[in-house]
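Line by line, the protein sequences give chains R and A.
Number 266 marks the last residue of the first sequence (my numbering); no jumps.
Number 266 marks the last residue of the second sequence (my numbering); no jumps.
Don't take each hint at face value.
Unchecked claim - Derived DSS-like pairs: lysine-lysine, alpha-carbon spacing no greater than 27 Å straight-line:
id : chain 1 : residue 1 : chain 2 : residue 2
1  : R       : LYS208    : R       : LYS37
2  : R       : LYS37     : A       : LYS180
3  : A       : LYS37     : A       : LYS208
4  : A       : LYS208    : R       : LYS180
5  : R       : LYS180    : R       : LYS25
6  : R       : LYS25     : R       : LYS37
7  : R       : LYS25     : A       : LYS25
8  : A       : LYS25     : A       : LYS180
9  : R       : LYS208    : A       : LYS37
10 : R       : LYS180    : A       : LYS37
These are computed hints drawn from the structure, not numbers from a lab.
2 protein chains.
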Amino acid sequence: MAAALDRSLIALALRLAEAAAPVAKRYFRQPIPIDDKADASPVTVADREIEETLRRILAQERPEDGVIGEEFATTRPSARHTWVIDPIDGTRSFITGKPCFGTLIALLYEGEAVLGVISQPITGETWLGAAGHASTLNGAEIRARGGRTLDQAYLYATGPEIFTRADERDAFARLSGRVKNTRFGADCYAYGLLALGCVDLVCEAGLKIYDYAALLPVIRGAGGIVADWTGAAPVLAAEGTTGRILAAGDAALFAAAQEALALPHP
Amino acid sequence: MAAALDRSLIALALRLAEAAAPVAKRYFRQPIPIDDKADASPVTVADREIEETLRRILAQERPEDGVIGEEFATTRPSARHTWVIDPIDGTRSFITGKPCFGTLIALLYEGEAVLGVISQPITGETWLGAAGHASTLNGAEIRARGGRTLDQAYLYATGPEIFTRADERDAFARLSGRVKNTRFGADCYAYGLLALGCVDLVCEAGLKIYDYAALLPVIRGAGGIVADWTGAAPVLAAEGTTGRILAAGDAALFAAAQEALALPHP
Numbered sequence: 001m002a003a004a005l006d007r008s009l010i011a012l013a014l015r016l017a018e019a020a021a022p023v024a025k026r027y028f029r030q031p032i033p034i035d036d037k038a039d040a041s042p043v044t045v046a047d048r049e050i051e052e053t054l055r056r057i058l059a060q061e062r063p064e065d066g067v068i069g070e071e072f073a074t075t076r077p078s079a080r081h082t083w084v085i086d087p088i089d090g091t092r093s094f095i096t097g098k099p100c101f102g103t104l105i106a107l108l109y110e111g112e113a114v115l116g117v118i119s120q121p122i123t124g125e126t127w128l129g130a131a132g133h134a135s136t137l138n139g140a141e142i143r144a145r146g147g148r149t150l151d152q153a154y155l156y157a158t159g160p161e162i163f164t165r166a167d168e169r170d171a172f173a174r175l176s177g178r179v180k181n182t183r184f185g186a187d188c189y190a191y192g193l194l195a196l197g198c199v200d201l202v203c204e205a206g207l208k209i210y211d212y213a214a215l216l217p218v219i220r221g222a223g224g225i226v227a228d229w230t231g232a233a234p235v236l237a238a239e240g241t242t243g244r245i246l247a248a249g250d251a252a253l254f255a256a257a258q259e260a261l262a263l264p265h266p
Numbered sequence: 001m002a003a004a005l006d007r008s009l010i011a012l013a014l015r016l017a018e019a020a021a022p023v024a025k026r027y028f029r030q031p032i033p034i035d036d037k038a039d040a041s042p043v044t045v046a047d048r049e050i051e052e053t054l055r056r057i058l059a060q061e062r063p064e065d066g067v068i069g070e071e072f073a074t075t076r077p078s079a080r081h082t083w084v085i086d087p088i089d090g091t092r093s094f095i096t097g098k099p100c101f102g103t104l105i106a107l108l109y110e111g112e113a114v115l116g117v118i119s120q121p122i123t124g125e126t127w128l129g130a131a132g133h134a135s136t137l138n139g140a141e142i143r144a145r146g147g148r149t150l151d152q153a154y155l156y157a158t159g160p161e162i163f164t165r166a167d168e169r170d171a172f173a174r175l176s177g178r179v180k181n182t183r184f185g186a187d188c189y190a191y192g193l194l195a196l197g198c199v200d201l202v203c204e205a206g207l208k209i210y211d212y213a214a215l216l217p218v219i220r221g222a223g224g225i226v227a228d229w230t231g232a233a234p235v236l237a238a239e240g241t242t243g244r245i246l247a248a249g250d251a252a253l254f255a256a257a258q259e260a261l262a263l264p265h266p
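With the rest of the complex left out, here is chain R (with noise of 0.2 Å):
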């Protein structure tokens, strides 16, 4: 296991999180203006200002560190240290007055996620995972289940639009085709909701670092598997990733779904 990582690291993720939650409460369920972006995905009022937020907070206590967020440009791309920003994953959940979407935050350290935070701020529900610690609900530690296999696994994606590509989408439906049931519209909650035991596999396509990046602490501290559908460890970068991600409450079940996406071989 990786050396434990600071505690003043998290303590700063922890209040970043606390930061954009009054922001997001803010907007919640009131009539906003929502911009479509270049590919069609919404952007609120809420999303900007909660980067803004964050990043003023980063830029006053971590000047050296780089930054990469969903609304604004990347800063400092080659720091050591680099935080990974997703103010509202969930953008259509937030705007339609559903609580399943929230803030990503996650920090890498030369490259390597050490630390994820996904924080619902409706419901009020924090979790945390960082290299070195059991990952955490609202400070309990939580754990993934394993031992059940592909008949018997709920499995998550946000929903079937997010399979923009013929070949995922074949995947994606034979998958689900093995699973005991299949269920859409979680956005990153579905990962907290399998690190927390409840759900047995997330699959999803077009993801992109900052929907990602703060994910794989949280599962991998609760004793999950996170890989892209090949197994391989997801990109984390802005650019050159697949986007394609698979998430499992354990290694077998991991492997089985691999196995049914069946992706043809490159």
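Position chain A against the provided structure of chain R, taking the given hints into account.
Chain A in isolation, oriented as in the chain R frame:
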């Protein structure tokens, strides 16, 4: 507008929701056995215990009234007042730890739905609709939003799998292709979000009386429209329903959605 519903019946409905909440909370995110019913839908000890709890209170307070519930046999089907209970709507959300399920409680008076409660015990949200009263969320008046065109509309459905017939799937795909965005995975909570003015459309099929009876007064008392896909009032009996429910923020959007569904004439 119908005569305002007696406050004592409203108080009783809220008392039922309050009695259900601690049972749901006690079993939420706990490892509990899950049985598959004849239609492969899951049921847990929580579903059964909540329905038993509510039936016990009703037997004491309203011994003459009928009860239709999801888990146990109908009693006094010809009573003037009949309570309709879904102890946990969204059992698949419940068993995967996602707080979008709800306890649904409706009161029928001479076959009309005059009172409805949607209770989400984990987030502590209780929607109430009652004939002659404006609908409320935790006591505060709510209002569905109107004035949206189909291409601006956010549409919810529990999941693609609820459209079991090919003609239903095709109709939903037509509607989904015309709206701004389609989200899945909110169960009864989606109708609550519509009544709150956060969501514009909910379209589902295969529902039973206990899935929708409570939704009708909540949506109508918030100024929204809810009917079956033909525009007719949903059948409020355990048998004879098409189970196809369409809810919209206003009548113009309801009509546009109906046209998009473009059901073949019978």
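* Sort out which numbered hints this structure fails and list those numbers smallest first. => 5, 8, 9
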